[in-house]
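Sequences and hints are given; from them, build the entire structure.
Residue numbers (the numbering used here), protein chains in the order written: chain A, 1 to 267; chain B, 1001 to 1251.
I should point out that these hints are in silico values taken from the structure, not numbers from a laboratory.
All C-beta atoms in this analysis are idealised placements derived from N, C-alpha and C, irrespective of residue type, glycine included.
Do not take every clue at face value.
As the list claims (entries may be wrong) - Label pairs and their calculated CB-CB ranges:
id : chain 1 : residue 1 : chain 2 : residue 2 : range
1  : A       : R109      : B       : G1013     : 39 to 45 Å
2  : A       : W246      : B       : A1102     : 56 to 62 Å
3  : A       : T244      : B       : P1098     : 54 to 60 Å
4  : A       : E114      : B       : R1243     : 30 to 36 Å
5  : A       : E251      : B       : T1246     : 27 to 33 Å
As the list claims (entries may be wrong) - For the chain A half of the interface with chain B, some residues (derived, Cβ under 7 Å), not all of them:
id : residue
6  : E25
7  : L29
8  : Q33
9  : W91
Claimed, not checked - Facing chain A, a subset of chain B residues (Cβ under 8 Å, in silico):
id : residue
10 : V1156
11 : S1159
12 : K1170
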Amino acid sequence: MPGALVVENISKRFATSAGALAALEGVSLAVPQGRFVSIIGPSGCGKSTLFGVVGGLVPDYEGRVLIDGAPVHGTHDDIGMVFQEESTFPWLTVLENIMFPLDARGMARNECRERAERLVHLVGLDGFGNSYPAELSGGMRQRTAIARTLAAEPKILLMDEPFAALDEQTRLLLGDKLLQIWRELAQTTLLITHSITEAVQLSDEVVVMTYRPGRIKRVIPIDLPRPRSSEIVESAAFGRLVGTIWHDLREEALRGLAQTEPQGVSH
Amino acid sequence: MTAERHGRAVAAGLVGLAAVAALLEFVIRAGLVSPLIVAPPSSLPQAFALLAREGYLVAPFLITMAQAFAATALAAAVGVPLGFILWRRPLLGRAYEPWLGAAFAAPLILLYPLFLVIFGRGYATTVVVGALAAFIPIVLQTRAGLLGVPPVLINVGRSFHLSEPRLLWKIIFPAAAPAIFTGLRLALIYALVNIIGIEFLIDFGGLGRVVSQMYFQYQIPAMYAAIVLIVIVSLVFLSLLQRLETWWRPR
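Written out as structure tokens, the structure is:
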């Protein structure tokens, strides 16, 4: 299953009441097939805009998005998106949620169900297939959303702070789950996050972005051995990497803070 | 909700109802309120028997029910698409929402002579008045429900490449369903109240007419019995609507 993602010189401006706002400027990055890359940046660095552009939900940008060398426009079957906000359908059970994209494609009901049941197992929700999202914890709902995205068998998995709403412990454990799934499916993955530990725990490479306009500041390879688990946070190498990233990120976060705090306004 | 919890809630409701009836009975027997004004609850069984003897029980009940159903269905057939348009065209929505909200307060029923002239003394008048009263809450609730659909759910649909009609049918309407059903519940009650009112005023149709006749014949317990029947009509409808909602959208 190929699935190399290339983002080439993406710029995006938004019209605001205070004039044009440059959200992204000349962002280029490559996620080779089967690799796990994280993008980290301060609030307001345009990382969610990048998520929207790559996923095809944000129109009118400059630059190109390429999958396996071919430029793509708009939403694409090869890209699966996991959103930051609560995104499970509350009127469907876990199993029905996961079957949703398969159903939409007109796949036979039995086949849908079989594949969905495998995914329920993969994300560790055995026994909850017939539960409704309201009966589950936030972490379980987000796992349902991830399984639903995986059900469509995208070549590239694109995630926008999928664990942002969860507490630190759940986040670390879900990170383990995600790594286990990633090992199994060997999927090209681009994760947007604001958590340094999450980025280091999961990635082959961490891309640090600047505060507005969002540019790439630095790409830091994470050469920690695989397979990893959340226990890696204890190691000295992990600590050094977190330190390096924080050094870069701190400057940007301070710049963001300085620009938003004194006036007491933010967008 | 488990069946057991539901059963307990119903039981608690009935206990409260019985307590109110007992209090009413006491107040009347103690002579605080004249039985000529409020019929004691204990007179209701006899009153129902009277209604049954005169053929005023089953037929008017069914007639009122059928009219309320027709009026609500008509209102939904017009109101849901209208609410959809007001959502799809935000300018229209902002332009007309305040007017509709204000028109909601209009005492439509007082225009009954007008409807009599247009539609005559028949079911057309009762159903049209009911539907007119019912369609505004449906329009307003449909628009509000659609406006309240979380954008992320729509983005999920787009990320799965759903066509526009599928997006509407599979995501947007189910997500807006609770608000739309609230509109339908309100609509049903408005339709029923207005239908009963018009039946009473023009002495035609179902339970409203029975109330009117018992009132003029000074059969006070029977009049209250007919009012109890009206409440039962709305209970039946609301529980049907509840079933429809859970069937279509379980949570």
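Hints and how they fare:
Between R109 (chain A) and G1013 (chain B), the C-beta spacing of about 41 Å keeps the proposed range 39 to 45 Å intact. Here the CB-CB span from W246 (chain A) to A1102 (chain B) is close to 58 Å, well matched to the stated 56 to 62 Å. In this structure the hint that T244 (chain A) and P1098 (chain B) lie 54 to 60 Å apart at CB holds, the actual value being about 58 Å. In this structure the supplied range 30 to 36 Å holds for E114 (chain A) paired with R1243 (chain B), their Cβ-Cβ distance being about 31 Å.
E251 (chain A) and T1246 (chain B) have their C-beta atoms about 55 Å apart, which leaves the hinted 27 to 33 Å range violated. At its closest, the beta carbon of E25 (chain A) sits 24 Å from a beta carbon of chain B; the interface hint therefore is violated under the 7 Å criterion. Taking 7 Å as the C-beta contact cut-off toward chain B, the hint placing L29 (chain A) at the interface is violated, the least distance being around 20 Å. The closest approach between the C-beta of Q33 (chain A) and any C-beta of chain B is roughly 21 Å, which is over the 7 Å cut-off, so the hint fails.
Proximity of W91 (chain A) to chain B holds as hinted, the smallest CB-CB distance being about 4 Å (cut-off 7 Å). Look at V1156 (chain B): its Cβ gets to within about 5 Å of chain A, closer than 8 Å, so that hint holds up. Hint status for S1159 (chain B) relative to chain A: holds, with the closest Cβ pair at about 4 Å, below 8 Å. Proximity of K1170 (chain B) to chain A holds as hinted, the smallest CB-CB distance being about 7 Å (cut-off 8 Å).
Violation of the numbered hints given earlier is confined to hints 5, 6, 7, 8; the remaining hints are satisfied by the structure.
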